[in-house]
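S.K.: Now for the letters of each chain:
There are 2 protein chains.
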Amino acid sequence: MTGMLAIEPLTERAFAPFGRVLQAQGAHHFPINQGTTTRFHALAVADPGADGRAILSIFRATRCADPIEIAMLERHPLGSQAFMPLSAHDWLVVTALQPHAPALRCFRATGAQGVQYDAGVWHHPLLVLAPEQDFLVVDRQGPGDNLEMVRIEPRRIRIAD
Amino acid sequence: MTGMLAIEPLTERAFAPFGRVLQAQGAHHFPINQGTTTRFHALAVADPGADGRAILSIFRATRCADPIEIAMLERHPLGSQAFMPLSAHDWLVVTALQPHAPALRCFRATGAQGVQYDAGVWHHPLLVLAPEQDFLVVDRQGPGDNLEMVRIEPRRIRIAD
Chain A
1 MTGMLAIEPL
11 TERAFAPFGR
21 VLQAQGAHHF
31 PINQGTTTRF
41 HALAVADPGA
51 DGRAILSIFR
61 ATRCADPIEI
71 AMLERHPLGS
81 QAFMPLSAHD
91 WLVVTALQPH
101 APALRCFRAT
111 GAQGVQYDAG
121 VWHHPLLVLA
131 PEQDFLVVDR
141 QGPGDNLEMV
151 RIEPRRIRIA
161 D
Chain B
1 MTGMLAIEPL
11 TERAFAPFGR
21 VLQAQGAHHF
31 PINQGTTTRF
41 HALAVADPGA
51 DGRAILSIFR
61 ATRCADPIEI
71 AMLERHPLGS
81 QAFMPLSAHD
91 WLVVTALQPH
101 APALRCFRAT
111 GAQGVQYDAG
121 VWHHPLLVLA
131 PEQDFLVVDR
141 QGPGDNLEMV
151 RIEPRRIRIA
161 D
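Taken in order, these protein sequences are the chains called A and B.
Position 102 (the first sequence) corresponds to 102 in my numbering; numbering is contiguous.
Position 50 (the second sequence) corresponds to 50 in my numbering; numbering is contiguous.
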């Protein structure tokens, strides 16, 4: 249907042009702490740029209306931005290599999957399916303008099954 | 009782000598994303040192025996290390300003509380109360030896209520 955006499963391979998937499944891992803990190692490297630093924040997102209208994108040209869900609810990742509607991709992430957008990658702000969901966010603090926003021709996402 | 370690609640004030508590409650916050999300901002700054970089990993920890014996501490002299629980179970934070038993502190964190240890702060490896619990970990990757471990006179923690 014209104007509707298809929802794809989030996989490392599909997301590779945009950044990294943060998940234990399939990741390089090894035992630590006398075998009591498994380390799924270096899923992503924070990129705060040469003059920035990586900060840790919590984002508390609320569910949007269904269908969701995607009419804008933003990006952070100076640093990466990672989102890791703190509760096990699926959520949506909308991103694009170019800031126009035909380039949009929509991935459904599980509650065990986070993402890190590479610096400069267009994406929609957080879209959650639960009434409320918290994320640990690792992004850049530093000098300069690290936020660009564009309006795009609207697309819709229907989240009801 | 000699040899037993008291469990304290985890508060920002009590933990301040060791690093930062990562929690939304009480944190500086503001609305973003057209009001659909609240940002609890810059709860911690990752410190990977001058020649390191901050990496994101997942640690999957398994529950220890009860009582827990605390007989060693470790520290990372070159960078900070942050732990954020990815499921809402209480867990234990054991830390010390000096690497000997009388300096030990044990904090019970809720599932909505993470911590970031400052570089060089002694702490025990992850101690979880659920059978298994995942954490997002932000720590340092880079040259040099970033792990020191010491054995200490044992102390015990009784976790059954």
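No wet-lab data here; the hints were simulated from the structure.
Worth double-checking, as some hints may not be accurate.
Among chain B residues calculated to face chain A with C-beta under 8 Å, some are [said to hold, decoys possible]:
1) LEU22
2) ALA46
3) GLY49
4) CYS64
If you want the footprint, here are the derived chain A segments under chain B, 3+ residues with CB under 8 Å [unchecked claim]:
5) 26-33
6) 97-109
Residues from chain B shown here face chain A by an in silico Cβ test under 10 Å; the list is partial [said to hold, decoys possible]:
7) THR11
8) HIS41
9) ARG53
10) PRO85
11) GLN98
12) ALA101
13) VAL128
14) LEU129
15) VAL138
16) ASN146
A virtual CB, placed ideally from N, CA and C, is assigned to each residue, including glycine.
S.K.: For each hint, tell me whether it holds in the structure or not.
M.R.: A quick look at each hint next to the structure:
1. LEU22: It holds, given that the least Cβ distance between LEU22(B) and chain A is near 6 Å, below 8 Å.
2. ALA46: holds, 4 Å
3. GLY49: violated, 12 Å
4. CYS64: Constraint on CYS64(B) satisfied, holds at 6 Å.
5. 26-33: holds (count 3)
6. 97-109: violated (count 0)
7. THR11: Given a least distance of 17 Å, the restraint on THR11(B) is violated.
8. HIS41: Hint holds; HIS41(B) Cβ to chain A Cβ min 5 Å, cut 10 Å.
9. ARG53: holds, 6 Å
10. PRO85: holds, 7 Å
11. GLN98: Violated - the Cβ of GLN98(B) stays beyond 10 Å from chain A, reaching only about 21 Å at its closest.
12. ALA101: Constraint on ALA101(B) not satisfied, violated at 19 Å.
13. VAL128: holds, 9 Å
14. LEU129: violated, 13 Å
15. VAL138: holds, 6 Å
16. ASN146: violated, 13 Å
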